[in-house]
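These protein sequences, in sequence, are chains A and B.
Converting from the first sequence to this note's numbering requires adding 15 to each position, the first position being numbered 1.
Converting from the second sequence to this note's numbering requires adding 5 to each position, the first position being numbered 1.
Rather than coming from a laboratory, the hints here were simulated on the basis of the structure.
Since we're looking at a predicted model, the values are computed, not measured.
The beta-carbon is built from N, C-alpha and C at its ideal position, and this holds for glycine as well.
Don't take every hint at face value.
Listed next, the in silico SDA-like pairs over lysine to any residue satisfying Cα-Cα at most 20 Å (straight line) [as the list claims (entries may be wrong)]:
{"id": "1", "chain 1": "B", "residue 1": "K29", "chain 2": "B", "residue 2": "E67"}
{"id": "2", "chain 1": "B", "residue 1": "K29", "chain 2": "B", "residue 2": "P13"}
{"id": "3", "chain 1": "B", "residue 1": "K107", "chain 2": "A", "residue 2": "I43"}
{"id": "4", "chain 1": "B", "residue 1": "K83", "chain 2": "B", "residue 2": "S119"}
{"id": "5", "chain 1": "A", "residue 1": "K113", "chain 2": "B", "residue 2": "S119"}
{"id": "6", "chain 1": "A", "residue 1": "K85", "chain 2": "B", "residue 2": "K107"}
{"id": "7", "chain 1": "A", "residue 1": "K113", "chain 2": "B", "residue 2": "R46"}
{"id": "8", "chain 1": "B", "residue 1": "K83", "chain 2": "B", "residue 2": "R69"}
{"id": "9", "chain 1": "A", "residue 1": "K113", "chain 2": "B", "residue 2": "G47"}
{"id": "10", "chain 1": "B", "residue 1": "K107", "chain 2": "A", "residue 2": "N45"}
Which chain A residues face chain B? A few, computed with CB under 7 Å, are given here [unchecked claim]:
{"id": "11", "residue": "F27"}
{"id": "12", "residue": "T46"}
{"id": "13", "residue": "P54"}
{"id": "14", "residue": "G57"}
{"id": "15", "residue": "P58"}
{"id": "16", "residue": "Q107"}
{"id": "17", "residue": "E109"}
{"id": "18", "residue": "N112"}
{"id": "19", "residue": "A118"}
{"id": "20", "residue": "I121"}
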Amino acid sequence: GQQLNQSPQSMFIQEGEDVSMNCTSSSIFNTWLWYKQDPGEGPVLLIALYKAGELTSNGRLTAQFGITRKDSFLNISASIPSDVGIYFCAGQREYGNKLVFGAGTILRVKS
Amino acid sequence: DAGVIQSPRHEVTEMGQEVTLRCKPISGHDSLFWYRQTMMRGLELLIYFNNNVPIDDSGMPEDRFSAKMPNASFSTLKIQPSEPRDSAVYFCASSLIGDPRKGIQYFGAGTRLSVL
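One chain only, chain A, in its complex shape (with noise of 0.2 Å):
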């Protein structure tokens, strides 16, 4: 079946550092998406992208979608406490309306 490889599983980095993460399929997706989950809520979205080399920022999260569509990355920059959380990047085939989710990257940030 379909199945999104998301590394690393998890980090645990120093505030003010940047963050990258990536997934990558060896289906093709026409959607990646990029949700975080903080502790005790469902995820929420961060970044949805829709086309090839598609490169989208949101505030100092910025997310690309592979020029293959196999792939898609996702960097925050100059971490904060609040970056804490598991991130899961998310993708969609052409037809129908289901979501494969990778397994998520478990973010940690020292102060």
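Go by the hints and put chain B onto chain A.
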């Protein structure tokens, strides 16, 4: 906007009991999704509905699980009988099929289920 509303937030029950989880999607949304989240398996799609009709239930673990959507503003996920391995966080999400920003699903806060 109220967002997706799930109830209860926490449920503790004993093995063998029936459990019913409830979801109210965002008003006007026409797709509804039920997910299960565990440490071992991450976020798994259990079932989803378009316009109150079940489209794909291939993720439902077994016959003990059932889901209904009697109208556009309410859905239930039932487990009968419950087992300890059903302990997880269950999320409901909704989306709008015709949304030009395709694919975006909005999640509720989840129901944390513990089966003892």
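Against the structure, the hints:
Pair hint K29 (chain B) plus E67 (chain B) does not hold up; C-alpha atoms about 24 Å apart against a cutoff of 20 Å. The hinted pair formed by K29 (chain B) and P13 (chain B) meets the criterion: a straight-line CA distance of about 12 Å does not exceed 20 Å. With a CA separation close to 16 Å, the supplied pair K107 (chain B) and I43 (chain A) stays within the 20 Å bound. The suggested pairing of K83 (chain B) with S119 (chain B) holds, with an alpha-carbon distance near 14 Å, which does not exceed 20 Å.
As the CA atoms of K113 (chain A) and S119 (chain B) are separated by approximately 27 Å, the hinted pair breaks the 20 Å bound. Note on K85 (chain A) and K107 (chain B): the hinted pairing holds, with a Cα-Cα distance of about 18 Å set against a maximum of 20 Å. With a C-alpha separation of about 17 Å, the suggested pair K113 (chain A) and R46 (chain B) falls inside the 20 Å cut-off, and the hint holds. Taking the CA atoms of K83 (chain B) and R69 (chain B), the gap is near 8 Å; set against the 20 Å cutoff, the hint holds.
Of the supplied pair hints, the one linking K113 (chain A) and G47 (chain B) holds, its CA atoms being roughly 16 Å apart against a limit of 20 Å. Distance restraint check for K107 (chain B) and N45 (chain A): the Cα-Cα separation of roughly 9 Å lies within the 20 Å cut-off, and the hinted pair is therefore satisfied. Restraint check, F27 (chain A) versus chain B: the minimum CB separation of about 18 Å is more than 7 Å; hint violated. Interface hint at T46 (chain A): satisfied, since its Cβ lies 4 Å from the closest Cβ of chain B, which is below the 7 Å cut-off.
Among the interface hints, the one on P54 (chain A) is violated; its C-beta lies about 11 Å from the nearest C-beta in chain B, farther than the 7 Å criterion. About 3 Å separates the beta-carbon of G57 (chain A) from the nearest beta-carbon of chain B, less than 7 Å, and the hint is met. For P58 (chain A), the shortest C-beta to C-beta distance to chain B is roughly 5 Å, which falls under 7 Å, so the interface hint holds. Residue-level restraint check for Q107 (chain A) holds (minimum Cβ-Cβ distance to chain B is 4 Å; threshold 7 Å).
For E109 (chain A), the suggested interface contact is broken, since its CB lies about 10 Å from the closest CB of chain B, more than 7 Å. Interface hint status for N112 (chain A): upheld, as the beta-carbon distance to the closest one in chain B is roughly 6 Å, under 7 Å. The interface hint given for A118 (chain A) is met, as the beta carbon of that residue sits about 5 Å from the closest beta carbon of chain B, less than 7 Å. Checking I121 (chain A) against chain B by beta carbon gives a least distance of about 11 Å; that is not within 7 Å, so the hint is violated.
When held up to the earlier numbered hints, the structure conflicts with 1, 5, 11, 13, 17, 20 and fits the remainder.
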